[in-house]
Every structure is written in C-alpha cells, then in structure tokens.
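All chains, please: the whole structure from these sequences, using the hints.
Protein chains in written order, with the working numbering: chain B, 1 to 285; chain Y, 1 to 285.
Do not rely on the hints blindly, as some may be mistaken.
You can't tell identical chains apart in this list, so a pair holds if it fits in one copy or across any two.
What the hints assert, rightly or not - Once the Cα atoms are required to be at most 20 Å apart in a straight line, the calculated PhoX-like pairs of lysine-lysine come out as:
(1) Lys206 x Lys252
(2) Lys7 x Lys26
(3) Lys90 x Lys80
(4) Lys152 x Lys257
(5) Lys239 x Lys257
(6) Lys80 x Lys37
(7) Lys8 x Lys26
(8) Lys7 x Lys90
(9) Lys139 x Lys26
What the hints contain is simulated information worked out from the structure, not anything from laboratory work.
Protein chains: 2
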Amino acid sequence: MIVDVSKKILIVGLGLLGGSYARVLKRFGFPVSAITKQQRDIDYAISENIIDAGSTELDATLIGEADLVIFALYPHVFVKWIEENQCLLKSGALITDVTGVKGSIVYQIQDMLREDVEFIAAHPMAGREVSGVENSSDKMFVGANYIVTPTKKNTSEAIQTCMELGRLLGFSNVTTLSPEEHDEMIGFVSQLTHCIAITLMTCNDKEDMEKFTGDSFRDLTRIARINDLMWSELFIANKAALLDQMNLFMDKFQSLKTMLENNDVDGMRAMMQHSTQRRALFDKK
Amino acid sequence: MIVDVSKKILIVGLGLLGGSYARVLKRFGFPVSAITKQQRDIDYAISENIIDAGSTELDATLIGEADLVIFALYPHVFVKWIEENQCLLKSGALITDVTGVKGSIVYQIQDMLREDVEFIAAHPMAGREVSGVENSSDKMFVGANYIVTPTKKNTSEAIQTCMELGRLLGFSNVTTLSPEEHDEMIGFVSQLTHCIAITLMTCNDKEDMEKFTGDSFRDLTRIARINDLMWSELFIANKAALLDQMNLFMDKFQSLKTMLENNDVDGMRAMMQHSTQRRALFDKK
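What follows is the structure in structure tokens.
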C-alpha cells in the first residue's frame, strides 16, 4: 500500500499524538476516523473537523474499513487490543503505532498478528508537557524525528509506506533503526534524561529554592512534570537498555566528583571541553 | 551612599555581564567608565554608547573618581586585583561584584580591604551561552534573580544601595542570603545542574545520537557548552557545598535505579508524582 488520499485511516487512541496525526492527515484529505475512550473527545474532534467519524465502542465498520490503523495507546493496552480485537481488522490492512519502546512490543505484536495484516512499528519523537486531543496540533512534528523500526517480517512496501507517513506528518527527519538500536538510543536521549530530571527535582526538598532558580535549573527540570503511569511503564518496558544508560551516566558523574574531590582542575577542564565540543553536534540544524 | 545619577560608576571587566550592567546604568544617565583587558572592547563600548570612557590600564583617575566600582572578573582575578590595586580606590567608595560563589571570596576580600572602602557582595543570576561585551544586553536581567550576600561587616546603607542597584538593573527578584546560604543554593540550582549537563553530554560517545535527539535532551544539555576555565574555578571555589549536592543527587538516582531493577512501579510512580508536584513550584510566575 502506498499512501494515497483514498485510503481510510483509523486512529485508535485520540490523545495528544493521535489527535495531531488526525489533524495533519485530515488536512491532506484522507478520510480519518477514531476510536477512543471518551465520547467528549470524539465530539470535540468532530466539531473541530479533526476527524470525520468516531466511536467509543469497537465499531466493526470503522475498524473493518480502515486501510491504515494507527495505534496511539499505552504499550500494554496496545498489546491487549491486538490480542482481543485483531479479528476485526480488514484483510490487507497495515497497522502502525507511536509506542516509545520497541523491542518489548514489536516482536510480540508481529508474532501474534494475523498473516493478512502487517504491523510496521514507528516512534514519532515528539511530545509536550500537556496531553489530550484538545492540545493536539498539526504543527507538532516540525523539527522532530520519526523512527521506523522494521524487522525481518516487514515488507519493503510497508516500510516505505510508513516512512512516507512520517514525511506527510511533517517530521523533519525520517529514518529507520532496528528495534534494539531504537531502544538503546531512546534509553539514552529520552529515558535517561527523564530519570535525571525527576531525580534533580526530588533530591533536595529544601524550601524556597524556587525563589533562586535560574533558566538552567528550569531547563533541566522541564520534563520533571511527567505522566507517571506512562513513563513507569515505558521504563519497565525498556529496563535493560535504560539500566545500561543509567550506569554509564553514574560512572561518569562519579568520575567528575572524584576530580572535584582531588582538585583536578585539568581533568574537569578536559571533560568540559569535551562536553562543549560534543554539544555543538546537537544544535538544531 | 544611595544610588543617584550623579554617582560615577566604574566597571572592571567589560564582558557579557559587565557590558550589560553598563548598558542599563548608562541608559539611566549615570557616568559609566570601564577598565578591561582588550582595547577593542573599550572601542566597541564607546562607539555603541555603552560607556563614557575606558582604559586597558590601571587608570588612576578613572579608578580614583568612582563612587561605585563593579567587579565582573573571575574570582581569583578579583581577589588579586584588590590585593594589588585597592590603594587606587576612592575613600568612601562602595564596591560590589558578580561572582558566582561567595563564601570563599567575600570574607577574604572584606578582611583585606581598606577601612574606608566597603565591599558588598552580590550575585546576578543571569548568563548566556555566549560571552563578550558585544553580546551584552540591557534586557538581560528581566525575570532573573539578584542575590545580595551581606556579612556582619556590611552597613545597612550599603546593603540597601546594592539591592537598589539590582532593581535598577531590571532584576525581577532582589533578595539577600548569607554567603553560606547562597553557596548551598547555588551548589544545587546552578552548579549541580552544570555537572549533570556535562556528564550527560560526555557519558555516551556513540555516534549519530544527535540524529535522534529530541527537545528533552537538548534542554538538559543546553548548558553543556561551558566556559571550562570559569566553571572549573567556580566548582573548586564551592567544593564542599557542591559535593554535598552531588551526593544528594547520586543517592536519589541510585534509589531510582534500584526501583527499576526491582520492577517497583509504585515506587517509581510515587517519585514521579513528587517530581511533578514539586516542579509546579518552579514555573515562572
């Protein structure tokens, strides 16, 4: 399946990400429907012209007509949905997701999925501190990364379609990684940073610190406002890779501490110079 | 001395901070002069109407006429300047600074200073990733904190004058702390955050990570571009307080790691909820 605007798209889970997908795809002219838990989200999305139709039920028509189904659910909810409801999917349908961990999900889903439906996994690396369809935006993906994580089970056509979807959604970088490479990368650039932010935010409860807080501290703790239900699940789902990254961080932090204890100015300066050089690579291009 | 626009102000060290002070004070109508190392910085500042006069030499007239002298130098350079040149200061002059650590500086300066000159220490908590007078701005202090750190040796008049200076400069919050309270606070909100950022930036040298970097990682490492000469000096000058904060952070990070190892979802969620609640206190008002 190559993406063309006659293809019917179903979004399962109409929150911040699902809603943003819907907005962009609707703007391109695709027929977009949604299944989600809250009727008020369906009502809102229809009234805002974000979707054409929607249901809080497992609507067999909506599901059975969809050529492309995008799952924007918590990992364990996604797995359970496929287990229980895959019989409703159209033969030949392509399904994809937005899950932030891959190794613990992709193989599990592919192994249990019907032969006539293909799952191509993807991770849109975009998010905000707010949630819900009412905060969704069709500009949300500009400047962001979209990672497709194919396995041996995927067809090259599905991989191409999924990458085309990422480009349509407006992502600035669309690439592929294996599920394992993805999980290592995400353990470092996303999960470790959240671990650090929540640690910094909770390690010193002294009162009145907020009065003296500058931009540095605010920057490092912006993501310390965190959806505890989702992130604890993501951490557990990527436990081994995240623990590896936490160990790398702790070892380096300990070595900085040792340098300070020993008044090793040269050592600290070398580390800071390395940091400065390496940070330059990470500026937005 | 209460600040009025007839008072002559001298800035020693015309970089990002010194230049920003000069811009604001000149706009208010004070006569502002500067002593700094590079002639090109003097030339630039005069041509841009940031200062009235300046010198790269120890100009006895400029120094001897100043009612208020603001030192914007590295800590050890500031101490050395006072040791060697305090004889040039005007009798009755008030001096202040911008040094980011206090305990290791304030008492040392006050103990060696002439009886007829008063040093009231202050820390403007503002900075940028760029440096130099050409990057200075008269808007730099909006939203930022200005901390005055008086000791028993300070007169209430000097404390009031210094706080008035902070308000004139445009700082949104002007407060006082003891040098010890200041150093504990700055060890946490500023120095620890820089330690974390440089550690995160250097703990994993895997190539191509930058391709997959989202806003979280960029936020946490913005300050990883760091002036190694200045920050290594600041870390050493606040060694005990910073080590305390690094230990608090490591203990908490280790406990998060233990929770993950033990699949302690409830423990992780409680920590994330605490983090989320506490972060709300730190939003800009």
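* Asked: Which earlier hints can't be squared with this structure?
  -> Violated: hint 4 alone.
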